[in-house]
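Numbering of the sequence shown is given in the numbering used here, commencing with residue 121 and proceeding in unit increments.
Keep in mind that the hints were calculated from the coordinates and are not lab data. Even glycine gets a Cβ: it sits at the ideal position worked out from N, Cα and C. Treat the hints with caution; some may be incorrect.
Unchecked claim - Simulated pairs of lysine-lysine, DSS-like, Cα-Cα distance not exceeding 25 angstroms: (1) Lys197 with Lys225; (2) Lys149 with Lys197; (3) Lys149 with Lys225; (4) Lys245 with Lys149; (5) Lys245 with Lys197; (6) Lys224 with Lys166; (7) Lys149 with Lys224.
Said to hold, decoys possible - Here are the computed distance ranges between Cβ atoms for each label pair: (8) Val248 with Gln204: 17 to 25 angstroms; (9) Asp145 with Lys245: 15 to 23 angstroms; (10) Glu217 with His242: 38 to 46 angstroms; (11) Gly218 with Val248: 38 to 46 angstroms; (12) Asn206 with Leu235: 19 to 27 angstroms.
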Amino acid sequence: MATIATLDGILQPQLQNRFNVIFTDASGKMLSFGSAISKQVIAVSKIRQSGVRQFGGHFSGEVTIRVEDDAACQCIKAVNELFQVNFTIHVNTLNGEGQILFTKKLVDCTLNEVLYAENDYHSPKAAVNNLQIDYRNVEIVFPDASND
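Make a model of the complete structure from these sequences and hints.
So, in structure tokens, the structure goes:
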């Protein structure tokens, strides 16, 4: 079973072991600013495929990723970089021990819109921003069991 490197972020350890999200370029190389976003992901909406695949056509869809901003604003700075590039998102479902059960790979993604949180000095909660991302196709990838 494949394992992943631990991302030190804001989440409690038991929550870090359910899923993680990694941003890569088309070749699979992690984006230079991708870890700043990956560390702050707190939710991913349902991933849906829409359209009909006919004669080499593609599925397409939209996903919302919720990120909690960090004190140094590194996450939002990285989000602004996403507007400039096409990217791939790997949503890894984990078994609770850091091992990948399967990956939903969202291919040919573009950041469509960012819904920024309200600025509120009266709230003790961190700002949570929603990223609206369009993707071209979804691939479900299972790790190779022979690589244990």
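Hints violated by the structure (numbers, ascending): Going through the list in order, the structure violates hints 4, 9, 11 and respects the others.
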